[in-house]
Amino acid sequence: MEVLDKELVQKKSKASLPEIDTRPDMLKIEDLAKVYPTPKGDYTVLSDLQLSVKQSEFISIIGHSGCGKSTLLTMIAGLNDISAGKIKVDGEQIHGAGPDRAVVFQSPSLFPWLTALENVLIGVKQVFPHGSKQEKLDICKYYLDKVGLGNDFNKKALELSQGMQQRVGIARAFALKPKVLLLDEPFGMLDSLTRGELQDVLLEVWQKEKITAIAITHDVDESIFLADRVIMMTSGPFAKIGDELVIPYERPRVRKEILEHPDYYDYRGYLMNFLNH
Amino acid sequence: MKDSIIKVLRLIGLGFLEPLVRLCVGEQPQKNAVLFVKKAIFPLVSILTFLVIWGMGAQSLYDKDANARIEKARSEQGEAAAVEMQKCIESGDVSCQPNTLPSPAKVWAAYKTLLADHWTISEKKEEFAKKTAKINAKRAEKGEAPIKYTGRPSFVDQIQTSLKTVFAGFLLAALIAIPVGIIIGLSTTLRTSINWFIQILKPVSPVVWLLLVFMIVKTLLSESDSDKSFMISFISVGLCAMWATLVNTSMGVATVDKDFVNVAKVLKLNVFQNIFKVVLPSSLPMIFTGLRITLSVAWMVLIAIELLAQSPGLGSFVWEEFQNGANDSNAKIIVAMFVIGMIGFGLDRIMATIQKFMSFNKADVA
Amino acid sequence: MAFLELRNVSKSYGTGKDKVEVLKNINLSVEEGEFLAIVGFTGSGKTTLINLINGLHFPDEGEVLLNGKPITGPGPDRGVVFQNYSLLPWLTVYSNVKLAIDEVMKSASKKEKDAQIRKYVEMVNLTHAIDKRPAELSGGMRQRVSVARALAMNPKMLLMDEPLSALDALTRGTLQEEIVKIWGEDKKTCLLITNDVDEGIIMADRIIPLTPGPNATLGPEFKVDFARPRVITEINQDPNYKKLRTKIVEYLIELGENRKAEQHAEYTLPDLKPVMPGWIKWGKKPSETDYERSKHI
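Residue numbers (the numbering used here), protein chains in the order written: chain A, 12 to 288; chain B, 106 to 471; chain C, 3 to 299.
Isolated chain A, as found in the complex (with noise of 0.2 Å):
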């Protein structure tokens, strides 16, 4: 049985960038660790965990279930207090959550009693109070036609199915034009078929806007198809960044090419091979 060479491969993968990359850092991590206190002593989930994304680069990040990659996005996004260590966005420290990181959930977390329009309205209002009425239905139905639902914008949240829902979800984070777009496990509640559905979606939304992305997942690969770059994370506790790979497929992506093109399955075999050890 032909054995992976994993030098060969990050060789590979590298082999189609520039040296330098330009582009600025969106996303600035340094030093950061979270603590939990426990009753028997602080249980440290991260620690000395580094980590920068240029602007407009699409990361994403896998590990088991419990190695503290959702506590990291949660971070990122102000909803979890930090530790130690700082998180820069755009050159600035950030203080709690905010509109300019926007996170797509693992649930959909709409909001029942609204409409699909009217869950996405209620984030346009907060960051474009300045924009007439008519801009801001515009910018929702934009989005909402962008992801698939131009024919579902006053159904309620509750009769749309759970990929539907999550269109609305994932609308709803780009209509606030974030700075940076945390997607946390976000199809890891759909079946494959609607989860490579929503991977497309996703990325054609993305791809006019070139939102920096932080994409969490267990899967291989939505994690390959999604990113520029997959960063492997250690179980926890003191879980780090163990390894990254650069993913150098052009964009916009087809699954087809991507599923057909000779390096994928060393890719996907690195990627197994970090998780299963």
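Wrong hints could be hidden among the right ones.
When the alpha-carbon atoms are kept at most 30 Å apart in a straight line, the in silico DSS-like pairs for lysine-lysine are as follows [claimed, not checked]: (1) B/K112 x A/K167; (2) A/K190 x B/K112; (3) C/K275 x A/K166; (4) C/K100 x C/K21; (5) C/K275 x A/K167; (6) B/K307 x B/K333; (7) B/K370 x A/K166; (8) A/K166 x B/K112; (9) A/K188 x A/K147; (10) A/K136 x A/K147; (11) B/K177 x B/K144; (12) A/K190 x B/K363; (13) C/K225 x A/K267; (14) C/K71 x B/K144; (15) A/K97 x B/K370.
What the hints contain is simulated information worked out from the structure, not anything from laboratory work.
Let chain A serve as the given structure and place chains B and C on it in line with the hints.
Chains B and C in isolation, oriented as in the chain A frame:
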């Protein structure tokens, strides 16, 4: 047409008629006929069975009491008196009827008497209104209060009074419990500091509430001439019944889905937006569950409170009939019992319908 | 003759306007000792299919045959493992398995039963937790109990309805291996329903996709003939695996294309810059400059 009828039926809790509707349009006759029998005929049979058992029980109680009376007459006054008593009972004379559980037929008769009584009183009221119309008009010109009908209220009037009291009490409960519940629910500190207070007051008996309210209202309203007994009873009802709403509202507010809280944080909603756009809507189902319990508790304690406070209404009707001891008093009490039960059921159905509208997942509400 | 056979099976729920055709024209035959995976998606009627085989539901049209005889109801010859474990929370692991043993070994002595129970608990590596209640177990351990209970009925066939989809990837991998190992011992006929193509490839001899419902039906079959035991990291380098996986995934993508929501009228996006909320002055519409100022406060 058919679908909208079924929808309405389901909404108002008469879903058991659904197979009948489907049967009428000829849809799957066999299956729907079976369903109809199961859902509508079987309950009907159970009602009939109940009536039969009641009738038999009443008859045996009647016989027992009649025998006791005859025996008593015999032992105290001799054989002749016993025969006299037996004849008296058989003749249906009012003076010597056994005083026990009335039979369904008697209750039905009492119901008709009460209804007839209502019509006569209504007529009297109309006559009175005609007679006093001119005088009242004059009095109104002078700025004096009109002369009111002060005769005996009919059974239906009593029901109306009771309903008025219960709604006033319910409104009071909602007005206190919902805002307080929201405030308590929002703050953990406040919740823990007030919780003991709620837990202690919640199980207090309606009677004690009534006495407490009586003490306060009597002092406050010693000079004003507003309807004191109405005030006392509706405030007591409100205080007794508000706890379910209070607890449910604070629970609902305190347990807003964590994801919703996160969404609100990411969108940087301010305090008021947070309450009115996220917290309140998401706890509405819980609040309405609480209100539904509150209304049914309010209706239940109302009867007891009216009975004790001597304020007009169904409760005092029952009490008066019990004191009265007339021939058909017992039957009238049973009529009142059924009316109270049915109104309680009706109120609950109304609340359930509203609750269904308010909940996000319509199938959850029973 | 096939062990299990479904002939032109159709099933619908509801009546009149609410009628939903869940399954349509299902034709399937499973050989004795075969491990078959059906890859289906949410709402495609997989659970209905399992219930038809299990005998909880009956087809509107067509027939479900087991050993050539129509299925008349649930029986101990078909053990089922559900996604939600369906263990009784007030019973220990031992007692949960005992329920099944009591059902199939009614006349056996207490000692024999005890031995059997311990054997099956041992089989799923739970001997250390035999006296624990489900609430004390992790998801993976609970699913092991569920498997042990299904096996304890000593069924001719094991039906698994997305048994592992609620578990995390690592536990899923271990359990896949364990189930295949147990299956390898006496080669019971197995029917696995899953939404994960890789799970199918690792475990099954044959994969058949179920098209998305309503009117779900079975797609073309894919034979999986890699040597066992199969390890995902090794098999990933196998060119045949790559070919097979790509073929199945592409078939599924095609299925997805058919139900894709099309985009409609083009809406134009107004050119507005977002502001950070919280700096809005009362009674005055904020301008974009407010945002700039707020950055420097």
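Consistency of the hints with the structure:
Of the pairs offered as hints, the one joining B/K112 and A/K167 holds, with about 19 Å between alpha carbons and a cut-off of 30 Å not exceeded. Among the hinted pairs, A/K190 with B/K112 is inconsistent with the structure: their alpha-carbon atoms are about 48 Å apart, more than 30 Å. A C-alpha spacing of about 28 Å is found between C/K275 and A/K166, which places the hinted pair at or below 30 Å, so the restraint holds. Restraint check for C/K100 and C/K21: the C-alpha separation of about 41 Å exceeds 30 Å, so the hint is violated.
About 29 Å separates the Cα atoms of C/K275 and A/K167, which keeps this hinted pair within 30 Å; it holds. Restraint check: the Cα-Cα separation between B/K307 and B/K333 comes to about 25 Å, which is no more than 30 Å; the hinted pair holds. Taken as a hint, the B/K370 and A/K166 pair is honoured in the structure, with Cα atoms around 25 Å apart against an allowance of 30 Å. Proposed proximity of A/K166 and B/K112 is supported: the alpha carbons are some 20 Å apart, at most 30 Å.
For the suggested pair A/K188 and A/K147, the alpha carbons sit about 12 Å apart, so the restraint of at most 30 Å is met. At roughly 7 Å between alpha-carbon atoms, A/K136 and A/K147 fall within 30 Å of each other, so this suggested pair holds. Between B/K177 and B/K144 the alpha-carbon distance is near 50 Å, which puts this suggested pair outside the 30 Å criterion. Proposed proximity of A/K190 and B/K363 is supported: the alpha carbons are some 24 Å apart, at most 30 Å.
Between C/K225 and A/K267 the CA atoms are separated by roughly 21 Å; this keeps the pair inside 30 Å, and the hint holds. Only pairs whose Cα atoms come within 30 Å are accepted, and C/K71 paired with B/K144 is rejected, the gap being roughly 37 Å. Of the pairs offered as hints, the one joining A/K97 and B/K370 holds, with about 20 Å between alpha carbons and a cut-off of 30 Å not exceeded.
Hint violations for this structure: numbers 2, 4, 11 and 14, all remaining hints satisfied.
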